[in-house]
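The residues making up each chain are set out below.
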Amino acid sequence: MFPGVDGFHWTFAHVIFLAIFFAVGMTIVATTVLAIWRAHRDVKTRRVEQLRWHAEFEDLPPAERTCRHELAGRVEHRTCPHAFACGTCPEYSKYAALPTDAPEYAFGMDYPPNRLYHRGHSWVREDEDGLVTVGLDDLASRLVGKPDAVVLPEKGQWLEANGTGWRLRKNGCEMRVMAPIAGEVVETGSPAEGWYLKLRVPPEMRQWRHLLRGGEVPGWLMRELERLQLQLSPEGSAPSLADGGMLVDGLMDQMPKADWDNVMGGTFLQS
Amino acid sequence: MKTQKPRRYGMVIDLDRCTGCGACMTACAAENNVAPGHAKATPRTGLTPMLVQRVSNGGAGADRREVFIPVTCMHCEHETPCVTVCPQQAVELDKATGIVNQMPQRCLGCRYCMTACAYHARYFNWWDPEWPVGMERTLNPGVAVRMRGVVEKCNFCHGRLHEAEDKAAAAGKAEIDPADYRPACVEACATQAIVFGDLNDPASDVRKASRHEDSFRLLARLGTEPKVYYRSKQEWVRGLAERGQQEVRRG
Amino acid sequence: MASSTLIDRRFIARGVERTGTARFAMWLAPWVLLLGVGLYAAYLCLYYGLNQTNMDNRFAFGLWIFLDLSIIALGAGAFFTGFLVYLIKMKELKAVLNSAVVLGFICYSGAMLVLAIDVGQPARAWFTFWHPNTHSMLTEVTFCISCYLVVLSLEYIPMLLKNRKLRQAPSFLAFEHQLHMLVPVLAAVGTLLSFFHQGSLGGLYGVLRGRPFAFREGFSIWPSTFFLFILSAIAVGPSFLALTTRLVEKVTGKALIPDSVYQRLGLISGLLLAFYVAAKSIDTLVWLNVTSPAVGFAPWEHYSYGQFGIWLMAAEIGLFGLVPAGLLLWPKTRASRGWLMTAAALACCGVLLNRFILTVQTLALPTLAFDEFMTYTPNWQEVATFGLVVAYGVILYSLSYRYLPLFPQEKELAGEVIEEGTHVSGR
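These protein sequences, in sequence, are chains A, F and L.
Residue 188 in our numbering sits at position 188 of the first sequence, and the numbers go up by one each step.
Residue 27 in our numbering sits at position 27 of the second sequence, and the numbers go up by one each step.
Residue 149 in our numbering sits at position 149 of the third sequence, and the numbers go up by one each step.
There could be a bad hint or two in this list.
[Stated by the list, open to error] DSS-like mimics (lysine-lysine), calculated; alpha carbons at most 27 Å apart, straight line:
1. LYS257/A - LYS165/L
2. LYS155/A - LYS170/A
3. LYS170/A - LYS165/L
4. LYS165/L - LYS146/A
5. LYS411/L - LYS165/L
[Stated by the list, open to error] Examples of chain L residues toward chain A, derived with CB under 10 Å:
6. LEU154
7. PHE172
8. ALA174
9. HIS177
10. MET181
11. VAL185
12. LEU267
13. LYS411
Rather than coming from a laboratory, the hints here were simulated on the basis of the structure.
Beta carbons are placed, not taken as given, at the ideal position from N, Cα and C, and that holds for glycine.
Please model the entire structure based on the sequences and the hints provided.
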C-alpha cells in the first residue's frame, strides 16, 4: 500500500488506486475537520443561538409560522420565510402599508398597548430610566400559573435575540423562554413581580421591528387560543375556550393530564 | 544470492500407472505437516492438498472402466485465478519457479481464492491443527504449520526447493541439482506415475512427457495455462479433460 | 395519548405522535431476543472458528455472502437518493432521504459485521489496506465499503444530533448544522464510492475465470456483471425505500410521505429496472452463446442440475424483472398503492434472487468433468447470524424512527390517516 511496505511496486494500477483512495480519504477527513472547526467557531462566537433559532423555526408547523401581516389581517395568507426577522424582511413595508383588519379584543387578557410582544410570548417595555424590561405575557403566565422553578441568567450576561432568555419548570415540564431582544442583563425579577429581566440595550441595537404590536396582537392571540383549544380539547375535561370564554389562571394545574410538553413547546416556539 | 534461469516447475501424472493407493496423499500430509483430520471433519472440510479421485465411465459390467485421478494445485500460469482475486497479495505466482505460493501468514481467510479455483484444489483450515501426543515429534521442521482460519494448498513442496537451493548455495553452485528437488508425492509414488521437473528445460523428462500425444490438461480451455499434465492411452480418460465430452461418474 | 406513558417524552420531537414506552419496549423485545441468539451464534463462530458453520471447501462462500451482496444492493437507495437530491436536485425525494441514510447505514454496517465474522482471521482484516492487491475486486470492495461506511456515519450523525435531547447541547447543534452544510460533498463522495463497490461486488463473480457459470467478458478490467450490479442496485434501491416506508406507515398507522414521492420512487425504479432487464438479457444471450461455449461449457448445461433449472433464469429476468418493470412503468398500476408495492416487492425479490444465483449456483455447479453437483444448507449458527443483522436493523431503525426526524413531512401529514380504518397510535 505505502511505498516502503514489503512487496510494494510502483505500478500504474497502484498509482491510480492510491490516488483515488487518498483523494476520497482526504475529502472525508477534510469535511469532518471543517465541520468541527466551524462548529467550534459558532459556539465561541455565540452564533449557535442564532443557529438554534433557525433550526427550531424550520421545524415549526406552518400554522405557527404565520406572518404578522396575516395576523393583522393585511394579507389573506402568508407564512413567514425569514424566521420572524421582520427587520430584514424585504417585503415588510409593502404589507405594512396595507389597511389592518383584525379584532381589537384581547380575549379578556392583559396586553397593555405600551408593550411590544415577541412570538415566544414574552413582552418588551422601554422604561424611562433607559433600561428595557422583559416579562412573560399574560397568556403564557395563565398557562404556567406559578412555576415550580425559574432559572434566570446572571447579571451582566449578554442575551441574544431569539436566544435563551430564561427557563421555567412546572410539573416536570421544562420550558425555555426566548429572549425577545438582545441586551445585557442588569437586573432580574420574578413571576411575582410581573417581570423577569431588565436589560441594557445599546442605542444602535434598539430595533424592535420584529416584535408584534397594536392590531397584530389580538389576531395572534386568537390563533394561539385556537391552537390551545385544538391541543387540549381531546382531553374531554377541557374548559371551553370558545369566543367569550376566559382562559383560567394556572391551566397546567387545572389540566394535569394534558400533553403540556407539546402545548408549551408550541407556546415557546421550540421542539 | 545466486541467480538462476527462470524455471517452470510442473508435473505429468500418468493415469494409466496410478493404482489409487493414496501414498501420494499420505506423503503430502506428512511432508507438509497436515494434522490428522478433526473428529468432525468430512470429506468436504478436510485438508487434502493432493487428492486422488476415483472416476468411472458410467458403464456397467464389462463396459465399466475406472480411473484414479490425483488432483492437486495446477499452478496456473496465465491470469492465475487465485492470485488475481486475493485482496492482500497472500497468493503469488513466483516468476522464478512458476510455483503458485500461498502465504498463510498473510491470509485473511476470506476464501475468495477457493471460489476462484476451478479445480477445487484449495483448502480452508476449518479447525486448529492438533496432533496426538507424541506425534508432534514426527513434524517436519522445514514446514510451518498453519493456523485455523487460513487457506492452504499444494506448493510443490516448497520447503524441499529451499533445501535444494541451500545445498546448491553451500556448494557454491548457481543452479540446483534437479535430483535434489522432488515433491513428496513424486517420491512416494510406487509406480512412478508422477514425473516432476522444469518445463523450461528442454532435456527434462517432464517436458518430454508433457508434450506427448497422450498428455492433456484439465480444463485447459479456461485459458489459465495449468502446469500439471495428465496422460493416458485410454481415450475416455483423455476425454475427462473438458466438460461435456462424455458421460462420466465419480466412482 | 396520555403523556404519562411516554417516559421518554423528552427525547421525542414535539408534535409527532409515538406509541407508549411500554408498547415500544414490547415491540423491541422479540427483536432483542433474536439479536441475543444471533450474538451467541456470532460468538461461537468467532471463538471456535468457521467449523461452526455448514460451509465447506466447495461452498467456501455461503449464506453470509448472499446476505452481504443482498443487503448492500438494497441499501443502494441511500447513495442513490443522496445523488438524486443533492446532485440532480430532485428536491421531492428529501422526504425519504433521512430514512434512506438510516437504511443504508444499517445495511452497510450489517454487511461489515457479517464480513468480520465470515473471514477466518478477522484480526487480519487490516492486511488488505497494508498489502492491497490492486487487481482484486475484493480489494476495491473492501476499500470502498469501509470508506462509504464512514461517509454514511457522517450522514447519520447530523440526524442523530437532531434528536431533541442531543440538540440541546450547543456544540452538537453547531456541529450538526455545519456537517449538514457539507452533506452535498459527502453525497458526491458516497456516489463515487458506491458506484465502484456496487460494481465490484458484481465484478467479484464476473472475473472468476475458473467458474464459467459466473465468468463474463466486459469492458477493460470490468466484467459485464460490474455494470449489471450497479444498474440492478440503483433500480431496486428506490423500490426498497418505498417498500420500507410503506411498511413503517402500516406499522405506525401514519402517513409519512406524500403519495407523489411514492410515484416518483416507483417511476425511477421502473425506468432503471426496464433498462436493467434489457441489459441483463443481452448479457445472458452473449454469455450463453459466446462466453460459456468458448471455454467448453455447453450453454444449457448450467441449468441441468437439481433445482437449478432454466426456470430460475426465467423467474429472475421475467417474473422478478420484466413484470415489476412493467407494473412500475404503466401509469395505471403505478398509481395503485397495491400494485406499486407488489411491483416494488417483486423487484426486491429479483435482486435477492440474482445475488443468490450468483453466489450459490456458481459454487454448486461442477467445473471438472468428474465433479459432483453439490448443495449446501446453512446451519443454525449461520441463520442466527443472518437474524442478528435483521434484528439489528429493525432495532436501529425503530429507535431512529422514534427519536430522530426520519420523515420531515410527518408533522404536515399528521392529520392524514393512511387507511379508512381507525387511527392507531404509532410507535
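These are the hints, each one checked on the structure:
1. LYS257/A - LYS165/L: Holds. LYS257/A to LYS165/L sits at ~22 Å (cutoff 27 Å).
2. LYS155/A - LYS170/A: holds (24 Å)
3. LYS170/A - LYS165/L: holds (18 Å)
4. LYS165/L - LYS146/A: holds (25 Å)
5. LYS411/L - LYS165/L: holds (19 Å)
6. LEU154: With a closest approach of 6 Å, the LEU154/L hint holds.
7. PHE172: holds (9 Å)
8. ALA174: holds (4 Å)
9. HIS177: Holds. Min distance 5 Å.
10. MET181: With a closest approach of 8 Å, the MET181/L hint holds.
11. VAL185: Nearest chain A Cβ about 5 Å off; hint holds.
12. LEU267: violated (28 Å)
13. LYS411: This interface hint holds because 6 Å falls under the 10 Å limit.
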